[in-house]
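Peer 1: By the count of numbering that gives the first Met the number 0, the sequence shown reaches residue 809 at its end, each step adding exactly one.
Possibly wrong hints are sitting among the right ones.
[Claimed, not checked] Here are the simulated lysine-lysine pairs, DSS-like style, with alpha carbons at most 30 Å apart:
1) Lys798 <-> Lys759
2) Lys418 <-> Lys293
3) Lys798 <-> Lys664
4) Lys62 <-> Lys49
5) Lys673 <-> Lys759
[To be verified] The following label-pair restraints were derived from C-beta to C-beta distances:
6) Gly565 <-> Asn514: 24 to 32 Å
7) Gly689 <-> Asn157: 21 to 29 Å
8) Gly689 <-> Asp725: 27 to 35 Å
Think of the hints as simulated: they come from the structure by calculation, not from any bench.
Computed from a predicted structure; not experimentally measured.
Beta carbons are placed, not taken as given, at the ideal position from N, Cα and C, and that holds for glycine.
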Amino acid sequence: MNKAYALGVLLAAGMANAETLLRIDASAPAKTPLENQLQMGASVSPAGVKLGVNSQYLTRGGKPWLPVMGEFHYTRTPAAEWETELRKMKAAGIDVVATYVIWSHHEQRDGQFDWKGQRDLRRFVQLAAKAGLEVVVRMGPWVHAEVRYGGIPDWVVNAMPTRSNDPQYMSHAERLYQQTAAQIKGLLWKDGGPVIGVQLENEYNLDGPGEGAAHISALKALARKAGVDVPLYTVTGWDQTVYPSGEVTPVFGGYPDEPWAKSTKELPPKETYAFRFDSRVSGDLGAQTSRKGKGTADTDMESTPFLGAEYGAGLPFMYRRRTVVSPDDIASMLPVQLGSGVNLIGYYMFHGGRNPMDLTSLEESSLSGGYNDTPMISYDFQAPLGPDGQQRPVLAKLRPYHLFMRDFGDRLAPMTVRKPDVTPAGPEDLATPRFALRSKGDSGFLFVSNHVRQYAMPAQKQLRFSVQLPGSTKTFPRQPVDVANGSYFIWPVNMDLDGTRLSYATVQPVARLDNGKAGITYVFAANAGVPVELAFEGAAANRLSAPGARIAKAGSEADGDVVVEGITPGTGAAVTIQRGQKPPVTLLVLTPQQAESMTVEQFAGQRRLVLSAQQTWFDNGALRMRSDGDAAFRFAVYPALPKAPKSSVALRASTDGVFQAFDAKLPERRLEAKITPVREAKNIGPVVVGGLAHAAVQPIPESFRNAAAWRIDLPQGEKNALVELDFVGDIGRLFNGTRMLDDWYYSGYGWQFAVEHAGKGPLALSVLPLRADAPIYLPKEGRPDFGGKQQVAQLRGVKITPVYTLAVQP
Numbered sequence: 000m001n002k003a004y005a006l007g008v009l010l011a012a013g014m015a016n017a018e019t020l021l022r023i024d025a026s027a028p029a030k031t032p033l034e035n036q037l038q039m040g041a042s043v044s045p046a047g048v049k050l051g052v053n054s055q056y057l058t059r060g061g062k063p064w065l066p067v068m069g070e071f072h073y074t075r076t077p078a079a080e081w082e083t084e085l086r087k088m089k090a091a092g093i094d095v096v097a098t099y100v101i102w103s104h105h106e107q108r109d110g111q112f113d114w115k116g117q118r119d120l121r122r123f124v125q126l127a128a129k130a131g132l133e134v135v136v137r138m139g140p141w142v143h144a145e146v147r148y149g150g151i152p153d154w155v156v157n158a159m160p161t162r163s164n165d166p167q168y169m170s171h172a173e174r175l176y177q178q179t180a181a182q183i184k185g186l187l188w189k190d191g192g193p194v195i196g197v198q199l200e201n202e203y204n205l206d207g208p209g210e211g212a213a214h215i216s217a218l219k220a221l222a223r224k225a226g227v228d229v230p231l232y233t234v235t236g237w238d239q240t241v242y243p244s245g246e247v248t249p250v251f252g253g254y255p256d257e258p259w260a261k262s263t264k265e266l267p268p269k270e271t272y273a274f275r276f277d278s279r280v281s282g283d284l285g286a287q288t289s290r291k292g293k294g295t296a297d298t299d300m301e302s303t304p305f306l307g308a309e310y311g312a313g314l315p316f317m318y319r320r321r322t323v324v325s326p327d328d329i330a331s332m333l334p335v336q337l338g339s340g341v342n343l344i345g346y347y348m349f350h351g352g353r354n355p356m357d358l359t360s361l362e363e364s365s366l367s368g369g370y371n372d373t374p375m376i377s378y379d380f381q382a383p384l385g386p387d388g389q390q391r392p393v394l395a396k397l398r399p400y401h402l403f404m405r406d407f408g409d410r411l412a413p414m415t416v417r418k419p420d421v422t423p424a425g426p427e428d429l430a431t432p433r434f435a436l437r438s439k440g441d442s443g444f445l446f447v448s449n450h451v452r453q454y455a456m457p458a459q460k461q462l463r464f465s466v467q468l469p470g471s472t473k474t475f476p477r478q479p480v481d482v483a484n485g486s487y488f489i490w491p492v493n494m495d496l497d498g499t500r501l502s503y504a505t506v507q508p509v510a511r512l513d514n515g516k517a518g519i520t521y522v523f524a525a526n527a528g529v530p531v532e533l534a535f536e537g538a539a540a541n542r543l544s545a546p547g548a549r550i551a552k553a554g555s556e557a558d559g560d561v562v563v564e565g566i567t568p569g570t571g572a573a574v575t576i577q578r579g580q581k582p583p584v585t586l587l588v589l590t591p592q593q594a595e596s597m598t599v600e601q602f603a604g605q606r607r608l609v610l611s612a613q614q615t616w617f618d619n620g621a622l623r624m625r626s627d628g629d630a631a632f633r634f635a636v637y638p639a640l641p642k643a644p645k646s647s648v649a650l651r652a653s654t655d656g657v658f659q660a661f662d663a664k665l666p667e668r669r670l671e672a673k674i675t676p677v678r679e680a681k682n683i684g685p686v687v688v689g690g691l692a693h694a695a696v697q698p699i700p701e702s703f704r705n706a707a708a709w710r711i712d713l714p715q716g717e718k719n720a721l722v723e724l725d726f727v728g729d730i731g732r733l734f735n736g737t738r739m740l741d742d743w744y745y746s747g748y749g750w751q752f753a754v755e756h757a758g759k760g761p762l763a764l765s766v767l768p769l770r771a772d773a774p775i776y777l778p779k780e781g782r783p784d785f786g787g788k789q790q791v792a793q794l795r796g797v798k799i800t801p802v803y804t805l806a807v808q809p
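With these hints in hand, go ahead and build the complete structure from the sequences.
Peer 2: This is the structure we're talking about:
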């Protein structure tokens, strides 16, 4: 072998195995929050609990508070389902429910307000409180929400200028605010109720005569005049927003794609996946007005906290762009947003829905002058909770982060963002490692993400991190790790475990359980492909026990820490820390899959951890479970229940590590639908390009005369099931007689509809053909094979999926 070649091979091999040390300086003191920068409303409850806001974070009872907020529109869900769905949100780790007051859903005719049934805001807020949720009411008047004219009624738009201090418009806005205030009277935080805040307007950047900051000031004055006196007044802060500084606090957002965009191709890497150290606006968020120059939110960065309201928990389908997102596309945003300094995660939407169709459709469309074309009824949004209460896979990915914020948010919120020595050149730089640290003093959390939607990231090989803290430099882990494409996580640095310091860990904190005399339990989630290392302060060496693992001294490089290695994640106790006369501290390290199946709620008298692949929530002390399509249930509980639980079917008990496990089986139901062709599709013309966006415009209603149609006979007497409609075409519409039940833009994403909402008699499905030359964006996975034909309209099948439910009483 040539000596030079041999030397090159050896050098290459050495470089391949060389570690990469990623440095970050966190030695500077954490920023001190500024107080009294914002003029908010009454903030103390009758019980004396104060909700506050400083320049960096929210507070509750004097402690930092980092809640999770999820959007759920009451007018888009049947009122009979509100309580259950709100409880599901609570079990998913949501702390605050946000909801729009969509003006046109309440006052379709001048002076005739409807707050009954599905429009009963008061009852919705009361049920949220019953479920243990706080509430933010997004009062409008303009809300967007993919509603015609942003929710401002037609008769207002036709008769007067809107979104300004025009006297005629403001008189109607005042009446709307007074009506809304009457709905939530007595339910505000100061009254002992759940309403902690309101949003004024939405995506507001107009700055002409009678507009801008003066308009937001006028709306706040109207709200306060109506009696809406709350701890938080917010406005959306993106796209050069304009508002009166100090009177409101901006909230931000970010989406994994732009369904409102005109492109029919994949977009460049989104800014949503890039850590931000100097800005808060995460790219284009779809505001329908434009303005140049900096907005108020940009100049207010030092005096307002970084709060979120619209981080996409899914995406809507719009006619010209039908983006399908994966669970990882959504969940990977969380370490990035938290690592960028966000101190309130707010999702839009967390619960999907359907538009009410009482008089006429009110969707945003090109026909009514809108920028986007959206379905008439469907507002599915690929949300974690679907319109019929079904749990989507993304919810399991998000929940461990929600639990982390619930139990450790008070530690994270005051921490300052620290910028690495080397950062990516921009969102398109996929090679440079993406990470950030938030710290205060010698404690912090490390945030890492190697996921960008639709773009393969290079595996980051043999990584170690060097964090310069005020008292020392922490270099970890002991063994370099590979961070694969698609990986993302949060690791602790110098985390206090009730008196013992966890110097670092290559696992993610999820929850803390106080088990009283039995001790404290910390729950962690392992990261796929990353060996578990738990490093403790050296003084803890004689108090640690870790069956089946290795305990080694790390040496001076890690400040004399004791490192526990070789832990196999699972349901067994990974490490126990004795504390003398005090009860011990136990560490559980779950697998990623187990962590995604966990909920933590009050159950049988104390806070417990429940693992289940089924959808779980809690209702009046009972554990409720739902399984779509599978009659078998399994759940595990920690700590163990004091007595055997009860259910309508036999529960088979067993042990799974430190967990008490139970299995149950309900009688299986096999359901089928009968499909009868009614009409074949006719040829349709090319898709029109035009509208405000100068892009593909949804076909006019008369186009459906060319749609294919099928009759669908459902199983008799069956209510607890989902109809799954597997069609290929452009637009599908589901009818009972002439009443449209739902509609759907084809994208390859599954369409479901609850049988209980179908009514009596057969259903009818119409499918407008999709043309091969349609200038719309479809994911490559969903693009149909036209087989050389000009258009396609097919019904590949209808599946009836039984929904099984189980209630367990402790």
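Peer 1: With reference to the structure, classify each hint as holding or not holding.
Peer 2: Here is how each hint holds up against the structure:
{"no.": "1", "hint": "Lys798 <-> Lys759", "verdict": "18 Å, holds"}
{"no.": "2", "hint": "Lys418 <-> Lys293", "verdict": "23 Å, holds"}
{"no.": "3", "hint": "Lys798 <-> Lys664", "verdict": "22 Å, holds"}
{"no.": "4", "hint": "Lys62 <-> Lys49", "verdict": "10 Å, holds"}
{"no.": "5", "hint": "Lys673 <-> Lys759", "verdict": "15 Å, holds"}
{"no.": "6", "hint": "Gly565 <-> Asn514: 24 to 32 Å", "verdict": "26 Å, holds"}
{"no.": "7", "hint": "Gly689 <-> Asn157: 21 to 29 Å", "verdict": "23 Å, holds"}
{"no.": "8", "hint": "Gly689 <-> Asp725: 27 to 35 Å", "verdict": "32 Å, holds"}
When each numbered hint is compared with the structure, no violation occurs for any of them.
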